[in-house]
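Chemist: Since chain A is already given, all that's left is putting chain B on it; use the hints.
So you can see what is in the structure, the chains are spelled out below.
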Amino acid sequence: MLEIAIKGSRNYWLWIVLLLAVMGAGAITYIDQFTNGLMTTGMSRDVSWGFYIANFTFLVGVAAGGVMVVIPYYLHDYEKFHRITILGEFLAVAALVMCLLFIIVDLGQPTRMLNVLLYPSPKSMLFYDMLVLNGYLFLNIIIGWKVLEAERNQVEPPMWTKPLIYLSIPFAIGIHTVTAYLYCGLPGRGYWLTAVLAPRFLASAFAAGPAFLIILCYIIRKFTKFDPGWDAMQTLAKIVCWAIIANLFFFVCECFVVFYSGIPSHMAHLQYLLFGYHGYHALVPWMWSGFILMTLGAIFLIIPKLRNNKTLLPITCAMIFIGAWIDKGLGMISGGFVPSPLHHVTEYAPTGKEIMITLAVYATGFLVLTILYKLATTIKEEVRG
Amino acid sequence: MMKKSRRSFLKVAGIAAIGLGAAPAMTFAASDSHGAAQAVKGKNQEALSAHRWGMVIDTSKLNEEVAKNITEACHRNHNVPDFNHEVDEEKYPNTRPTNPKQEIKWIWEEHFNYAFPDMEDEFLVEKFKHLGFPVTCNHCKNAPCVQACPTQATFKREDGIVLMDFHRCIGCRFCMAACPYGARSFNFRDPRPFIAETVPEFPTRSKGVVEKCNLCAERLAKGQMPHCVEASEGAIVVGDLEDPESEVRVLLNENYSIRRKQSLGTEPSVYYVV
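Line by line, the protein sequences give chains A and B. Just so you know, the working numbering puts 379 at position 278 of the first sequence, and the rest follows in order with no gaps. Just so you know, the working numbering puts 480 at position 171 of the second sequence, and the rest follows in order with no gaps.
Read the hints as simulated data drawn from the structure, not as lab findings. Every value quoted in this text rests on a predicted model; they were computed, and no experiment measured them. Quick reminder that beta carbons are idealized off the backbone N, C-alpha and C, glycines included. Each hint should be verified, as a subset may be incorrect.
[As the list claims (entries may be wrong)] Label pairs and their in silico Cβ distance ranges:
id : chain 1 : residue 1 : chain 2 : residue 2 : range
1  : A       : Ile393    : B       : Asn564    : 46 to 56 Å
2  : A       : Asp133    : B       : Lys400    : 13 to 23 Å
3  : A       : Phe350    : B       : Lys436    : 41 to 51 Å
4  : A       : Leu121    : B       : Asp427    : 48 to 58 Å
5  : A       : Leu268    : B       : Phe432    : 55 to 65 Å
6  : B       : His476    : A       : His379    : 35 to 45 Å
Isolated chain A (complex conformation) (with noise of 0.2 Å):
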């Protein structure tokens, strides 16, 4: 099937003559990253994760979302998402391609990261978070590529594939989970010490992974004769807008919690992200814009008439997708460390290293993306016709 990616139009070598730029302008970064070390970095000995954990973090999000297809599909029969289904499983696989990459690039000894494996350390969650990932990257591609060839064949998929789209479901909110309790377990820190990281993970999650599918859709409908079906679409913004809705009032139950026990440890970080702490206000306009963004897209799907708007809709998924990607990676990571477990205030900014870097990890993905719809298009376009 992969011959198929290498035929296109003019657009479609431009853009993957792009990202491969971005790529290339990435992989210089991080060789000087590589060997000097992670001092090319915003990080410091206070804030020892920044950008790419942050990213790492949202993706895994991102992956997740993907389930919010094959759950209606797959186990409620429903038929509008026959078409869409194979999107939303190859945008987990680029999202944890992304993810995977994220990991290596945040390591100060790369060369090394097979220890994980040599070492296996079934007390730390990043044991189980390696193996979820792995999991959900091959079941994903493993069911995606089946079930595409089958469809071109027009033949029905392999009956194998069938439990392994059941186990992908577990998997997909096995991701988020064990990556929330990366951060929900350790005692030291206020800010992600709450049983409902993981829930408004998920919540988060599949109001992102969806929103970003809308706007997917949006895109092959205008680069592609394949069209995934308005009907498709707009039950995918009923399912961002209950997803983003709940994240935010997980956030607010949160809020309550800290604010009215007033327990400093736990305080302090949300003083920090939502007012600014001793002076130290850098994340401030970020969190409200964050949070202003994910109001008004909750708002815009509520109301029918905005929701069936569309225009409006990729705008408001697109404002859905930027809230979520500041709140869970912008401010949930810097705002663990801030301040410190001593009470220290060191604030963090990614260098443009790392950002060099972080824009070539997410080109990687996008090259993965674009290579993976091309197939499942053209496919598509050729059963249809």
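Modeler: What follows is chain B alone, placed relative to chain A:
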């Protein structure tokens, strides 16, 4: 046919069961001889040992001078880089400027409100308002960093010391997120240009690995007390927390002491007599 195969299965199962039963006895025999051999090879005669190593810091004996000496002795002897050190341009050409936020610390001073943030008090006793409290790795009984490490590069010895294998560490920094005491530092860069004089008794580290206080395990093994103890003029005592006769236990019996963030349940092994 069916019967025969079942019988042969039972036979195999029986042999396997005997094997399983014998296994513990065999490992016992093996470990016995192995253990003896190891004791001869590994244990130094004058090595200091304990059931659980602990540290007691007598705050009444602290002053600026002593605290400075403690940090100095520890950092110099463990090849901890000092970012203020002037780099030898000939040996390390084109060294990039340092970022003080990325510094390495094993033991350092903090004011009371930072060392004990959960005990912050506006009416804190006057003598503590300006005193620097030495803070370091607590060698916790329930160490969150040991639990978090995905490669067991951070591990807990039977005698309670939390150690690190600098060659196994992948630099994921999960342990730094896990530590509630900020005791860990990451080598954001090659530390060697910033070591004034390399001490050959202790390894230097490479970039990309985490490090922290090791309670001078290398000195205890030679029958010597940690550097901080020697530099502290009696302010720091290290000994066996599980031995009621030990000096640390006597100190803890006779004085009121506190530990950092006791409510977290990590059970720090570093006590502060106040």
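Chemist: Given a hinted range of 55 to 65 Å, is it respected by the beta-carbon distance of Leu268 (chain A) and Phe432 (chain B)?
Modeler: holds, 60 Å
Chemist: Does the Cβ pair Ile393 (chain A), Asn564 (chain B) satisfy 46 to 56 Å?
Modeler: Holds: the Cβ-Cβ distance is about 55 Å, inside 46 to 56 Å.
Chemist: So does Leu121 (chain A) sit 48 to 58 Å from Asp427 (chain B), Cβ to Cβ?
Modeler: holds, 52 Å
Chemist: CB of Phe350 (chain A) to CB of Lys436 (chain B), is that within 41 to 51 Å?
Modeler: holds, 49 Å
Chemist: Do the Cβ positions of His476 (chain B) and His379 (chain A) conform to the proposed distance bound of 35 to 45 Å?
Modeler: holds, 40 Å
Chemist: At the C-beta level, are Asp133 (chain A) and Lys400 (chain B) separated by a distance inside 13 to 23 Å?
Modeler: Taking Cβ atoms as reference, Asp133 (chain A) and Lys400 (chain B) lie about 21 Å apart, which means the hint holds.
When held up to the earlier numbered hints, the structure conflicts with none and fits them all.
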